[in-house]
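Asker: Quick mapping for you: the protein sequence lines, in order, are chains A, B, C and D.
Take 7 as the starting number for the first sequence in the numbering used here and just add one per residue.
Take 7 as the starting number for the second sequence in the numbering used here and just add one per residue.
Take 7 as the starting number for the third sequence in the numbering used here and just add one per residue.
Take 7 as the starting number for the fourth sequence in the numbering used here and just add one per residue.
Careful: at least some of the hints might be erroneous.
Copies of the same chain look alike in the list, so a pair counts if it fits in one copy or across any two.
Straight-line C-alpha distance at most 25 angstroms; calculated DSS-like pairs for lysine-lysine [claimed, not checked]:
| id | residue 1 | residue 2 |
| --- | --- | --- |
| 1 | 258 | 272 |
| 2 | 209 | 102 |
| 3 | 285 | 253 |
| 4 | 253 | 93 |
| 5 | 70 | 189 |
| 6 | 258 | 163 |
Read the hints as simulated data drawn from the structure, not as lab findings.
Here the structure is a predicted model, which means the values were calculated and not measured.
4 protein chains.
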Amino acid sequence: MHKITLLIHCADQPNIIASVTNFMASNDGNIVYIDQHVDREQNIFFMRLECEFSLNTFSLEEFKQSFQSVLAEQFQLHWKMYSAERKPKMALFVSKYDHCLYDILGRYNSGELCLEIPFILSNHLDLKPIANSFNIPFYHVPVTKATKHEAEQKQLKLLETHQIDFIVLARYMQIVSETLIDKYPNRIINIHHSFLPAFIGAKPYHSAYKRGVKIIGSTSHYITEELDAGPIIAQDVAHVTHTFSIKDLIAKGRDLEKIVLSNAIKLHANRKVMVYNNKTIIFS
Amino acid sequence: MHKITLLIHCADQPNIIASVTNFMASNDGNIVYIDQHVDREQNIFFMRLECEFSLNTFSLEEFKQSFQSVLAEQFQLHWKMYSAERKPKMALFVSKYDHCLYDILGRYNSGELCLEIPFILSNHLDLKPIANSFNIPFYHVPVTKATKHEAEQKQLKLLETHQIDFIVLARYMQIVSETLIDKYPNRIINIHHSFLPAFIGAKPYHSAYKRGVKIIGSTSHYITEELDAGPIIAQDVAHVTHTFSIKDLIAKGRDLEKIVLSNAIKLHANRKVMVYNNKTIIFS
Amino acid sequence: MHKITLLIHCADQPNIIASVTNFMASNDGNIVYIDQHVDREQNIFFMRLECEFSLNTFSLEEFKQSFQSVLAEQFQLHWKMYSAERKPKMALFVSKYDHCLYDILGRYNSGELCLEIPFILSNHLDLKPIANSFNIPFYHVPVTKATKHEAEQKQLKLLETHQIDFIVLARYMQIVSETLIDKYPNRIINIHHSFLPAFIGAKPYHSAYKRGVKIIGSTSHYITEELDAGPIIAQDVAHVTHTFSIKDLIAKGRDLEKIVLSNAIKLHANRKVMVYNNKTIIFS
Amino acid sequence: MHKITLLIHCADQPNIIASVTNFMASNDGNIVYIDQHVDREQNIFFMRLECEFSLNTFSLEEFKQSFQSVLAEQFQLHWKMYSAERKPKMALFVSKYDHCLYDILGRYNSGELCLEIPFILSNHLDLKPIANSFNIPFYHVPVTKATKHEAEQKQLKLLETHQIDFIVLARYMQIVSETLIDKYPNRIINIHHSFLPAFIGAKPYHSAYKRGVKIIGSTSHYITEELDAGPIIAQDVAHVTHTFSIKDLIAKGRDLEKIVLSNAIKLHANRKVMVYNNKTIIFS
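All chains, please: the whole structure from these sequences, using the hints.
Answerer: So this is what it looks like as structure tokens:
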């Protein structure tokens, strides 16, 4: 049994759904999931589909070629096709905070995450023991003004060597280089500790304290060149009161950060996220 | 332009999605929404589909017959097909509480609800002025032990005369008769003022107070013969504290009741709810 | 039985609580509620206290004078004392949207709000029938560029004549004049249809749609001269998805707006809000 | 500087607040926190107070004796007084699930929890490596039908040796013995994986799946002899849909369990919980 996931977007036009489902049927595929969305403002059609093939001789490469020539050209589709057999490879970038790291590794251990973690990378050594206790390789790549370029080269090398599909910044407190962003577009997931677009930038809990908000939030988004302005994948919030000190806000925020980031990781790893025009479509 | 909504369930089997979408395409229909769900425990397939036909000569009756003979028999489908042109007709049963009634009529006035309200029925006269101020016919059908059967007959007559599609009990404080339930299976929507299955039956806020819960809830469900045990359509909750008196719980609960009930009404009116084995599938 | 509510703030210093409670006891008062908060950053002490006096001869004015001379001067207290017998008078300013108005009047009718509504004021006539159906005087004060000053004078006159304590802008779509803000500092409550400080200004749902947020919010705050920057009283949020059109966001937002605004009204009317340095302390 | 926390409950009667605050003042104490609650149904008064003493010679024992003779007898107070210097000692009972354990230990490491963890106890060896990686003693006390009494004796011995103040069952899958409950009344905190009182007993996620609820919950409560019926400390919920399998419910539930349990631990450790008549008062 082979199973694929197909993501499509294109200009909205009649008969796409019927044509795609027909193509799957004519190739002896059985559709087990289908969902679609039409952005009526921009007139763009989005679809996510899972299909099973029971043929022993199924070749993903040939099927892709056939899909491209039979359908994709006709409808001018933008599409990606994934085999369920290949779990995505995720690199974890961390710094000194451990709450997101523990949360992700705990889920990883429990089998909740359908992905592989080839390595953890940090600019500090603080979290190495945690990586060790979960038996995951840990690379220490310090970043200073002087070594910035060198560090970036080391990161890129590691990402390539390990065939990384996407990167998660689990409270990695460094600005990621443009080169990295260009190489992994919509594939670097960050967790920002505020309810974006409120409190962009550094020290959002301090800003939230100062403004006297009654709710704090957390936002996971793809990194783009503009700070904290990338496509939002997941958000959550918690109620707070005037009795919360900045320290209390930070502690409460940690609960949000870890759950929101893990949700975003799951959505991305399960290929449930599409990005168009700096916004996400999140399939169920 | 004609638009239909199709709801299907059947034993899970290969090729249903392709066959249905193909059928629509071969009838010059353009699918604008499709969603499906497979209940893996019971092996049942569910689908909701919206399709547009630009033919001037489209006949819903003929199309239904064609769908039945070409597809429904082959796959042994249970299905319902609705024309978007015909808004469902909803009867509102109320008693003395006005918060749900105001909420529903406010939404109705603002165009938020895609339905018609031919009449409001109550066993009391208290809410007649509200019905009047919204220009909706109001029928007073008192229910006493002696007049129970007679009242039921009056209700049935009104429902039939007005070709009612579904009934909403907006805090109607009477037990609905079996006859009514049988005539409107999964078409009588109730709002229960607790987080079901906790606190079934009368005075749930009193029970919540006694148990010292930190969260109260509200549940909208279809009425079945077993009390408060019908398929759940929507639920929501609110945090409470030890400082809440029973009166406070009731006040807080009103906010939940009206929002949860209105959500359920919208889902039902938009044909987004399917029921199978006492559970609901809620399409997006 | 006389009951008072006392609100205090002052520089934090030892013995305030004991001194105040002692003062009440020595005047035969029985404290039935006490809560306090210390802002450790600014070193300010806040207290809310309810006290009952069973003396037949209790005079609020004399008690206030005594409190001022015995305690307030010594501790340099800023304080307000309210009699529970006098319900605060609230003026409702509306425009064309009716959802907040229905919600407030529904609660008012049910006895949920401990206040009086001497009148409803609007720059349009659309909501006059609602005011009539609830038997509340309605004043139509149109505002145009030419009549702005005149309209303001009419508003001030009405507020004074009816001895209004605080004003609620229930989706009143006009900028309130500085004169009004100066006359009713921290006594004009607004509902802004976003999660402040995100999406300040006009059309926040359009901005939320454009940014692709996964949660929308609503904020009730006191009006200050800076737009949407006044002290926040209450906030709430709701989850949304990529399937929500702007119209859907607006509809969902209405549910938030009405509940958040009514919460803020209740907190203010029950004298549970203190304002200091553009932030609120909300007592339980 | 000495700091105490005082918890009081008694029959509601005039002058308690003034008398207690006066007593503190006359002992050169400065009250830095005070909150109270009156249960009007049962006519019981509850108070929590924090007081600082700058005297070098402050003796907690003498102060307690003085409080007892001067005040407690007069008002027939039930009271407890804690020194802020002594952190409560918490024993962690676990079984095979690690998510709550990781969550608690992560918070413990980050300094979020104001308590000590002298040991972790389990009936299995699975989580020993986690205890080791956090440098906390781990005791393996297997429980079988035959060894039940012996195991209980070992548990009691460990609890006494380590002067444990309260026990946390972090998904400890065993019924706790009556002896233990009697020895630690309202001091054994459990996490139940449902929104109590819905789905009492084993396999609540299976029951939730079967009932088709749209929200699942988690409840932390003190263990009493009646199963899942003890005083509720904290609850939280999450929205689910018909697409959630039992496995999905369990995964989602883990997020609730760990956050709800940690909240309950913090409230208890900070002496913010009082229990009366099987309900909790939770001070802010």
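Asker: So, for every hint listed, does it hold in this structure?
Answerer: Here is what the structure says about each hint:
no., hint, result
1, 258 to 272, "both (22 angstroms within a copy, 12 angstroms between copies)"
2, 209 to 102, "within (16 angstroms within a copy, 38 angstroms between copies)"
3, 285 to 253, "between (32 angstroms within a copy, 18 angstroms between copies)"
4, 253 to 93, "between (38 angstroms within a copy, 20 angstroms between copies)"
5, 70 to 189, "within (23 angstroms within a copy, 52 angstroms between copies)"
6, 258 to 163, "neither (37 angstroms within a copy, 36 angstroms between copies)"
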